[in-house]
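Trainee: Sequence:
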Amino acid sequence: MPRRLIAHLDMDAFYASVELLRRPDLRGVPVVVGGRRRVSADADVAEFPRLRDYVGRGVATTASYEARALGVHSAMGLMKAAALAPDAVLLPADFEEYRRQSHNFKAAVGSIAPVIEDRGIDEIYIDLTDVPGAQDTSADDRLAGARALAHRLRAAVFEATGLSCSIGVTPNKLLSKLCSDLEKPGGVTILDEADIPRRIWPLPVGRINGIGPKARERLDGMGIRTIGELAQAEPAWLIARFGQSTGQWMHEAAHGRDDRPIVTERDPKSVSRETTFERDLHARQDRARLGEIFTGLCVKVASDLTRHALVGRTIGIKLRFDDFHTVTRDITLPGYTADAQAIRAAAGQCLKRVPLARRIRLLGVRVGTLLPADAPEALRLAGRQGSDTTTLPLFPDLDN
DNA sequence: TCTGGGGTCCTAGGACCC
DNA sequence: TCTGGGGTCCTAGGACCC
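Reading the first sequence from the start, the letters are residues 23 to 422 in my numbering.
Since the hints were derived computationally from the structure, they do not count as laboratory data.
Don't take every hint at face value.
[Said to hold, decoys possible] DSS-like mimics (lysine-lysine), calculated; alpha carbons at most 30 angstroms apart, straight line: (1) K322 - K236; (2) K322 - K374; (3) K340 - K102; (4) K374 - K340; (5) K128 - K291; (6) K322 - K340; (7) K340 - K206; (8) K236 - K340; (9) K236 - K206; (10) K291 - K340; (11) K206 - K128; (12) K128 - K322; (13) K291 - K322; (14) K236 - K102; (15) K102 - K206.
Just need the whole structure built from these sequences, with the hints factored in.
Mentor: Now the structure itself:
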């Protein structure tokens, strides 16, 4: 593999920072983005809902750095966050605006370095290998070139959006992702293989993208807490415990080795909608309400598919019960569809296969095995089923 | 003060076919 | 009658990420 120069760019507290751009009067105040209710854009600070007044099942999507200092972090339940930061201002998420700013920062980066892999609304990988000025003959010059380029990117993002970001530049995606987090916010971190023992090995294993709570817990039980400790473990020992694929990958990752390419285009694999109810619903007592919600989810998924000119043939549902146990069911149809009634009928079939003894907390509908609506295969199989769906099945109760 | 919503990828077993 | 593999599709669950 020829030597590459890869950047990872991560926007700093993205949603919260976008909100602060529009509401500079909130600067310095702890701000949490999350929850569902809307607030009028011209409300003044005194009218903003405070976290202490929140009641519901929402989680924090983002916390400003002031809120983080109080212990609030993303994915934390808002009721718990309220206990830590009762005076924090709670803003509902405005995805339209975040998407607009996301497009802005990506366009700014693209004007300098066009080979970009999208990793969601607030982060990207960038291949800097062939960008003029990035590569130089001597090692020292190469790192200096990378640093100058990263600073240019950061300045371009700020120019386009008024927002700050952090950037890591290394020979691969794994290390760049780790590095963009090292000097947040606003940091530029350049790292070479030789720096791995000093800068990467002291970090906890959970900082590796792909090692989550479960793997971290297992490793901890084996006495492995840092990436350096993971690097010291014999590959055979890891493989014996985590399987060939994961064990080998862990070993490579701990040594900072990663040859995954930058992926600039990707076909969508599935489209889904789900909702958590304000209170848990019962299949029998709340049958009518569940039926409405279920149909509404199917209509939304159908319109999402249509908007993106996609059709699919695997229809799935997801239920989460009051004990948080989650089940899925799916069915693959003979033909592709984006039709709400066809999706509703198939999803209804799936629902019949789920025992509904407990109260339900979440309901979701998903369509997978996607194709572009105009693909020959999609057209050939379209309309194979579903002429008899004029009456939608009701939400089934316990007895059937 | 329990735990959102939208995704991807992997595994594993059974059906079915050659 | 009993015995194989290999490959692909379908389904369910789970880990993980943003």
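Trainee: Against each hint, give a clear statement of whether it holds in the structure.
Mentor: Here's how the hints hold up against the structure:
1. K322 - K236: Not satisfied, since the Cα-Cα distance of roughly 33 angstroms exceeds 30 angstroms.
2. K322 - K374: 21 angstroms, holds
3. K340 - K102: This hinted pair holds, its Cα atoms lying about 26 angstroms apart.
4. K374 - K340: 12 angstroms, holds
5. K128 - K291: 23 angstroms, holds
6. K322 - K340: 15 angstroms, holds
7. K340 - K206: Since the Cα atoms of K340 and K206 sit roughly 37 angstroms apart, the hinted pair is violated (cutoff 30 angstroms).
8. K236 - K340: 22 angstroms, holds
9. K236 - K206: 26 angstroms, holds
10. K291 - K340: Roughly 17 angstroms separates the two Cα atoms, so the pair holds.
11. K206 - K128: 19 angstroms, holds
12. K128 - K322: 28 angstroms, holds
13. K291 - K322: 17 angstroms, holds
14. K236 - K102: 22 angstroms, holds
15. K102 - K206: 25 angstroms, holds
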